[in-house]
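The opening residue of the sequence shown carries number 1 in full-length UniProt numbering; numbering runs sequentially from there.
Derived from the structure by calculation, the hints contain no laboratory data. Take the hints with a grain of salt, since some may be wrong.
Calculated lysine-lysine pairs in the BS3-like style (CA-CA distance at most 25 angstroms, straight line) [unchecked claim]:
1) K487 with K306
2) K306 with K159
3) K158 with K306
4) K458 with K446
5) K170 with K159
6) K446 with K306
Pairwise CB distance ranges, derived in the manner of DEER restraints [as the list claims (entries may be wrong)]:
7) V153 with S416: 22 to 30 angstroms
8) V55 with L149: 24 to 32 angstroms
9) V413 with L476: 23 to 31 angstroms
10) I422 with Y162: 51 to 59 angstroms
11) Y162 with G70: 22 to 30 angstroms
The C-beta atom is built at its ideal place from N, Cα and C for all residues, glycine as well.
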Amino acid sequence: MKFALIFQNDTAAFLPEIFLALAILVVLLHGSFLGVTAASLYTYLTPSMIRITSVTLFLSLLLVLNNSVGPQTLWNSIFVNDYLSIWAKSIILLGLLFCVSVSEAYMFSARFRAYEFFVFILGIALSLCLLISSYDLLSIYLSMEFLSLIFYVLACWKKNSYFSAEAGLKYFILGSVASIFFLFGASLIYFALGTTNLASLALLTENLTTSSPFIYFGLICLVSALLFKLGAAPYHMWIADVYEGAPTLVSLIFAVVPKIAFFVVVLRLSFTSFWSLFPVFWEDFFCFCGIISLFIGCICGLGETKIKRLLAFSSVGHVGFLCLGLASGSIEGIQAVLFYLVIYMLTAAFLWIYVLHLDLTSDSSLITFADAIGLVRSNPFLGLGVVLMIFSLAGIPPFGGFFAKFNIFIGLVDSSFFIIAIFAVFTSVISAFYYIRLIKIFYFEKNNNWFFFAPLNKGGSIVMVLCGLIILFFMLSPNFFYLLSYKVGLGLMF
């Protein structure tokens, strides 16, 4: 009884995660009991699984938003509940809800009959929620491994595709190396300071005048593993091959969902636990990763002719902007990073759903620019929406992507990183070339053959309209997004 009273608040604050864990068991039982009947009657199990998964994610979102427990640490400071975690969990659950709602038509076309896919979706939701709330290096590691194991399986989901097998193998090998780096870094931090708890680390490093080299080396290993998961250069080797080889629906999940969770962990490490090391370590580290990511993203994307690889290198460049936002080391920098993450997620979701739509009509899973010729003539409204989102991704005003990059530039200039800000503008101009080339192919290239595009399914239409309207609403009334990101950033700093 005493134990129950001690952890009563912890259990109440942890209700979304407990609900997701129970929902995974329910969906697994539902699929296993109905799977044999569905196979024998040649019926299709996916629609009922989509409905159950969507309801589960929606109820989890309501539990996160209506959490009655205030900001505090949970379960002996292994996890934390604060404004940043509530905000990030809400966005991740919304992103997964978007991915589930667009999955039916693609799964039917690609002949994905396995109900386990939706069990993995809920597993991704649970692991990301645990990762966001983690307040200890060991809980971060375990949550990250939980997520990675699911991603390894999803990357090689197409059993009859060599590209999918290659993507899964590359992701597994390099991801295992990243996990080893994280664990080695955590052990070095523990060796130097005697704890792995983020709050305890913040107290121990608050007034440090001289730091052990073990701390610096351990932090490099820790953050390198996290930046690998984000696809930042020089840890980007896997991203183009995995995005291209994995099924397009899985690439959509990779591109849209997990970035926010990993950036939350990076923010907790750099701005909470090791804030005192910012002038001597974090500034240089994030500047280096940001500059290399911007350079790789703008140069490697110039020669690409496949849309999925182009979006992969584009994401490397955008992660570079986010790293530069972290390098500024101010509340404005945190606000710019959080704001950029939301705008990028919405824009990327729109474009990846369009690629998913192209995959339904393409004969090959390797979708090239030529597969998009004729879109504007067959569906002018969708073509215009795609073009506007590409403009937003390129950072052209007055779209959301421009203001997201503009906030990063303001943070850099306020921190006196003038040369880095000029370099970021220069790389952004170069990367705009391959975005505009894509638009030129949409509008001005002529196809000598007949072209046919399948009608956009209902779920995809709803998600694309929602993403487009939110970006449009931002253009009309940006204060809501700015104030929200500022409040969340303050919750992290104080």
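Consistency of the hints with the structure:
no.	hint	verdict
1	K487 with K306	40 angstroms, violated
2	K306 with K159	22 angstroms, holds
3	K158 with K306	19 angstroms, holds
4	K458 with K446	29 angstroms, violated
5	K170 with K159	15 angstroms, holds
6	K446 with K306	18 angstroms, holds
7	V153 with S416: 22 to 30 angstroms	46 angstroms, violated
8	V55 with L149: 24 to 32 angstroms	25 angstroms, holds
9	V413 with L476: 23 to 31 angstroms	27 angstroms, holds
10	I422 with Y162: 51 to 59 angstroms	44 angstroms, violated
11	Y162 with G70: 22 to 30 angstroms	52 angstroms, violated
Figure legend: structure checked against the earlier numbered hints; hints not met, in rising order: 1, 4, 7, 10 and 11.
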